[in-house]
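Protein chains in written order, with my numbering: chain A, 1374 to 1861; chain B, 136 to 223.
Quick caveat, the hints were computed from the structure, so don't treat them as lab data.
What you are looking at is a predicted structure, and each value in this text was computed from that prediction instead of being measured.
There could be a bad hint or two in this list.
[What the hints assert, rightly or not] Pair by pair, the computed Cβ-Cβ distance ranges are: (1) B:Pro153 - A:Gln1624: 39 to 47 angstroms; (2) B:Asp203 - A:Ser1696: 27 to 35 angstroms; (3) B:Thr173 - A:Ser1668: 52 to 60 angstroms; (4) A:Arg1768 - B:Pro153: 25 to 33 angstroms; (5) A:Pro1631 - B:Ala146: 43 to 51 angstroms; (6) B:Leu209 - A:Arg1411: 32 to 40 angstroms; (7) A:Glu1473 - B:Leu165: 28 to 36 angstroms; (8) B:Ala151 - A:Glu1650: 25 to 33 angstroms; (9) A:Ala1859 - B:Ala146: 55 to 63 angstroms; (10) B:Pro174 - A:Ala1724: 30 to 38 angstroms; (11) A:Ala1859 - B:Leu211: 38 to 46 angstroms; (12) B:Asp203 - A:Gly1518: 45 to 53 angstroms.
The beta-carbon is built from N, C-alpha and C at its ideal position, and this holds for glycine as well.
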Amino acid sequence: MLKPADLFLPIRELGAKLRAGDFTPLQLTQAYLERSQRLGPGLNAYVTLTPERALRQARQATAEFAAGHDRGPLHGIPYAAKDLLAVAGYPTTWGAKPYENQHFDTDATVIQRLDQAGAILIGKAAMIELAGGLGYSGPHASLTGPCHNPWNTDYWTCGSSSGSGAIMAAGLAGFALGSDTRGSIICPSTQCGISGMRPSFGRVSRHGVMTIAWSMDKIGPMARSADCCALILAAIAGHDPLDWDSLPQAQAAFAPPPDRPLRVGRLTNVFPHARPELHQAVERALGVLQTHGASVADAALPAGPYEEASELVILIEAASAYSELIASGRCALLQDPLGQINGYASSQFTATDYLQLQRLRLQLARQLEPLFEHFDVLAAPGQDSTASLINPPPRPRGTRGGRGRGGRGPGGRAFAPDSLQPDGISSLCGLPAVTVPAGLAANHLPIGVQFMARALNDGAALGAARQLQAHTDWHRQHPPAPYGPADA
Amino acid sequence: MARPLAAAPQAAPAAASPAAEVQAQVNRILALYGARLTPEQRQRLSRIVASHVAMLAPVRAAAMRNSDPPATVLRLVTGTEASGGGNA
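Next up, chain A with everything else stripped away, as it sits in the complex:
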């Protein structure tokens, strides 16, 4: 018998109930589809539901379970994919008006891998148009409208994997896929109170995925726990000859390592303008880890123009990726006034500047590397604020807006040239990061803690988060009615 609260269970617990015969993959899929149809529109969570495909896959999984054929931990688990992943037979809109009728005739590699693992695709998640590739000013920059945060629908989910965040927080699917060029998994996961992961660059194939910036785009899981993220990463990671930047199989493949005591670096020079309660949440989380065997010491990121460099690499590569949209003038069809014109400016950077950025990038990665001789993971707040209002009140004349002292950069991403943010550095250097819930702020919105690790040491970031969740229940907190399990 499927209970409403079951829709909020982590993957292993859902799988245990499927294998115990408490309910079938078909019943679970039908329940998530019904909930997605009922609650999804109010959140602007989906672009497209895929019920025909989902029910076909669910019937197959149900028959396979009945026949004793078990494909592994994702078998029979329904999920949503950000609408920049190609799925044959359905539109892949990239969240943007110019592509609202776009179709591909094959599935993205990660969709194929999840098919093989027996997971069930129930829909394409809403997103910021072009994942912010040509810049955006805020939540309204989406083909499907602003994505509402299930914790308080006056607030945004953050972007650009906005729908994936809402879907997970509201219990509309068992897990979701997002993409992260610079913070697009970490921010919505943090601000929606779920667990999300940006894998090491090159570990997960991007074949069949919209490009923003070739050298920075990553696909990753958004789920109920770090353990769920590890299970999903194990299924989607691996070499793909169709992705030019895919790592060799020996590096790309992922298997969750056993938990062990970790050396944790508490980053002392990030998010200096964040509210104290966000840093206090990190302290609480580190206290839990320390109690259970981790060593914790202060760590500081080296100085360098990481923020500028990460933003500029994205702007320049996006100007190339969307050169047709810019040259044709079809960028005027985008929702966001910034996105309509930003590509013209981004097209003016010189090749010399781009190469200087790429030279600097290696320098910065080499400066950062010695920190990981001393620490397995670096810990910081998931973001520098809780979720932001979808429609903030007008600012008094003469004041400047934005988040903290930095506000948003010309591309719309959180940007603070006078302070370091973990997202810019880890994205620029291709490092893995995991964010997990760390309680609620005074405004009853989620707070997160993130763990960043050395390139290809995804297991350490996941391990820290998993150990934290073994001793806390912040990841089992859910939004109030009607989006929480009580009214599911």
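Using the hints provided, position chain B relative to the given structure of chain A.
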């Protein structure tokens, strides 16, 4: 006389004032795309270009040795990889 392999890193000197660079870029954008833009969009573009130039300043100021390579490499195409390489 040959220079040592590890010559001291040097930053490139600034070639133009930021304001002049902003104006030059804006002029070029307007020459190419000005007919598409409203007066409000032209004003906003100037602010965007100014922010780009400001962000570039610390990047350009980073000292480099002649041999410092970029994080871009040519990967040789062989065998099965010849047919791949595209994303969406």
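How the hints compare with the structure:
The supplied range of 39 to 47 angstroms is met by proline 153 (chain B) and glutamine 1624 (chain A), whose beta-carbon atoms lie about 42 angstroms from each other. Between aspartate 203 (chain B) and serine 1696 (chain A) the Cβ separation comes to about 28 angstroms, which falls inside the hinted range of 27 to 35 angstroms. Between threonine 173 (chain B) and serine 1668 (chain A) the CB atoms are about 58 angstroms apart, so this pair conforms to the stated range of 52 to 60 angstroms. At about 27 angstroms, the CB distance of arginine 1768 (chain A) to proline 153 (chain B) agrees with the hint of 25 to 33 angstroms.
Separation of proline 1631 (chain A) from alanine 146 (chain B) is about 47 angstroms and conforms to the stated range, judged on CB atoms against 43 to 51 angstroms. For leucine 209 (chain B) paired with arginine 1411 (chain A), a C-beta distance near 52 angstroms fails the hint of 32 to 40 angstroms. Glutamate 1473 (chain A) and leucine 165 (chain B) have their C-beta atoms about 30 angstroms apart, which keeps the hinted 28 to 36 angstroms range intact. For the hinted restraint 25 to 33 angstroms between alanine 151 (chain B) and glutamate 1650 (chain A), the CB-CB distance of approximately 46 angstroms leaves it violated.
Against the hinted window of 55 to 63 angstroms, the Cβ-Cβ separation of alanine 1859 (chain A) and alanine 146 (chain B) comes to about 60 angstroms, which satisfies the hint. Range check, proline 174 (chain B) to alanine 1724 (chain A): Cβ separation about 32 angstroms, and the 30 to 38 angstroms hint holds. Taken as a hint, the range 38 to 46 angstroms is violated for the pair alanine 1859 (chain A) and leucine 211 (chain B), whose Cβ atoms sit roughly 58 angstroms apart. For the pair aspartate 203 (chain B) and glycine 1518 (chain A), the supplied restraint of 45 to 53 angstroms holds, since their beta-carbon distance comes to about 46 angstroms.
Against the hints set out earlier in the document, violations occur for numbers 6, 8, 11.
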